[in-house]
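Chemist: Each chain is listed here by its residues.
Number of protein chains: 2
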Amino acid sequence: MKASSGDALAHLVEALRRLPGVGVKSAQRMAYHLLQHDQPAASQLARALDAAVQKVQHCERCHTFTEQPVCATCLDPQRDPHQLCVVETPADQAAVERTGSYRGLYFVLMGKLSPLDGVGAHDIGLPALIERAFDEVVQEVIVATNFTAEGEVTAHVIAEALKSRGLRVTRLARGVPIGSELEYVDLGTIAHAFSERR
Amino acid sequence: MKASSGDALAHLVEALRRLPGVGVKSAQRMAYHLLQHDQPAASQLARALDAAVQKVQHCERCHTFTEQPVCATCLDPQRDPHQLCVVETPADQAAVERTGSYRGLYFVLMGKLSPLDGVGAHDIGLPALIERAFDEVVQEVIVATNFTAEGEVTAHVIAEALKSRGLRVTRLARGVPIGSELEYVDLGTIAHAFSERR
Ligand SMILES: [Zn+2]
Ligand SMILES: [Zn+2]
Numbered sequence: 001m002k003a004s005s006g007d008a009l010a011h012l013v014e015a016l017r018r019l020p021g022v023g024v025k026s027a028q029r030m031a032y033h034l035l036q037h038d039q040p041a042a043s044q045l046a047r048a049l050d051a052a053v054q055k056v057q058h059c060e061r062c063h064t065f066t067e068q069p070v071c072a073t074c075l076d077p078q079r080d081p082h083q084l085c086v087v088e089t090p091a092d093q094a095a096v097e098r099t100g101s102y103r104g105l106y107f108v109l110m111g112k113l114s115p116l117d118g119v120g121a122h123d124i125g126l127p128a129l130i131e132r133a134f135d136e137v138v139q140e141v142i143v144a145t146n147f148t149a150e151g152e153v154t155a156h157v158i159a160e161a162l163k164s165r166g167l168r169v170t171r172l173a174r175g176v177p178i179g180s181e182l183e184y185v186d187l188g189t190i191a192h193a194f195s196e197r198r
Numbered sequence: 001m002k003a004s005s006g007d008a009l010a011h012l013v014e015a016l017r018r019l020p021g022v023g024v025k026s027a028q029r030m031a032y033h034l035l036q037h038d039q040p041a042a043s044q045l046a047r048a049l050d051a052a053v054q055k056v057q058h059c060e061r062c063h064t065f066t067e068q069p070v071c072a073t074c075l076d077p078q079r080d081p082h083q084l085c086v087v088e089t090p091a092d093q094a095a096v097e098r099t100g101s102y103r104g105l106y107f108v109l110m111g112k113l114s115p116l117d118g119v120g121a122h123d124i125g126l127p128a129l130i131e132r133a134f135d136e137v138v139q140e141v142i143v144a145t146n147f148t149a150e151g152e153v154t155a156h157v158i159a160e161a162l163k164s165r166g167l168r169v170t171r172l173a174r175g176v177p178i179g180s181e182l183e184y185v186d187l188g189t190i191a192h193a194f195s196e197r198r
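Keeping their order, the protein sequence lines are chains A and B. Everything in the first sequence is counted per full-length UniProt numbering, starting at 1 for the first residue and increasing by one. Everything in the second sequence is counted per full-length UniProt numbering, starting at 1 for the first residue and increasing by one.
Hint data in this document are derived by calculation from the structure and do not stem from the laboratory. Since the model is a prediction, treat every value here as computed from it, not as a measurement. Hints should not be assumed to be uniformly reliable.
Now the stretches of chain A that chain B is said to cover, found in silico as 3 or more residues with beta-carbon under 8 Å [what the hints assert, rightly or not]:
#1 12 to 20
#2 41 to 51
#3 126 to 140
#4 161 to 168
The C-beta atom is built at its ideal place from N, Cα and C for all residues, glycine as well.
So here's chain A without its partners, still in its complex pose (with noise of 0.2 Å):
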């Protein structure tokens, strides 16, 4: 029988196609170029994925990426602890450290409630988000949700639960333009939505 001579790159193009956003043209021009042009980028990548999958887990206190049991941010003395930001994902976090408007603590659900895809409250971690915001130094929770149709829906069921109990609770201002993902706004925008937030 004769062995099949393409399965290693077929099995690379297979893999490459799991990456979002990524199709079969893509993963196949990936593949060769990275076989082609650059063989250190391929093994690079591959140790920097295992390195990744075996380090990085999530924050104890905020559930962004980290390598250590509760991350940098929420160890900074320097962060004013009365001011919780509830973002998405570790971009969207990202991208609020960039304005330099914002000194406060941090909450990634790492997701947005999705009740068709079956992401539900506990899914992004609501439950735990409840417990840190009532942690009796947190006064004020600043909702920074996406503006998209289940962003908002995720910052409404934030807000009903926390101000039920009793916590002041805000939203980044509309100017953020409506329909658009945090991560890829202008800067300036951002940051004078955090200071018009109500």
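Please build the complex by placing chain B with the ligands on the supplied structure of chain A, with the hints as guidance.
Modeler: Below, chain B with the ligands alone, put in the same frame as chain A:
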């Protein structure tokens, strides 16, 4: 000294950015997706990258990717050894194969002439192609490089090198794609189809 909390994640984003067509935002989204929702895919990709780098090499006869010294197509006794089709990439070879209209052999350049990027005749294996084409069995070389500026230059150089040594060299016909409406075909193609009418 406090250890950096995001090294593994930052390294992963950096490694993903080396994939063609992947910017920093896409790389972040890919990294977050893998770590949050699909760690098996991350490990699978790491294994596939290592296996491909270790196993995939170039066919001695046609230069395409293979795990054997000579690829399955070159070894296939059903193929017509009198015809040799020259393509830029394995993806182009796969496209020709899918047409089902060609039963000869191939030579894969694994690139195209691009003097501005420092890609010369040796980089696309022109000396090897000349040796391959003059094996006394090949009767016709069909140049199927892409119909781009660089693909045309590559075709021209290959054709000159082989014709001057007395071999029959043909080029895929250019013209209006079958099934397309003139209104939507670019003007250069229409103009060319006019001058090449027969
Ligand atoms: Zn944290
Ligand atoms: Zn071959």
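Chemist: Now tell me if each hint is right for this structure.
Modeler: Checked hints:
1. 12 to 20: Since 7 is at least three, the answer is holds.
2. 41 to 51: holds (count 11)
3. 126 to 140: Coverage by chain B is violated here, the residue count being 0 at a Cβ distance below 8 Å.
4. 161 to 168: Check failed, 0 qualifying residues.
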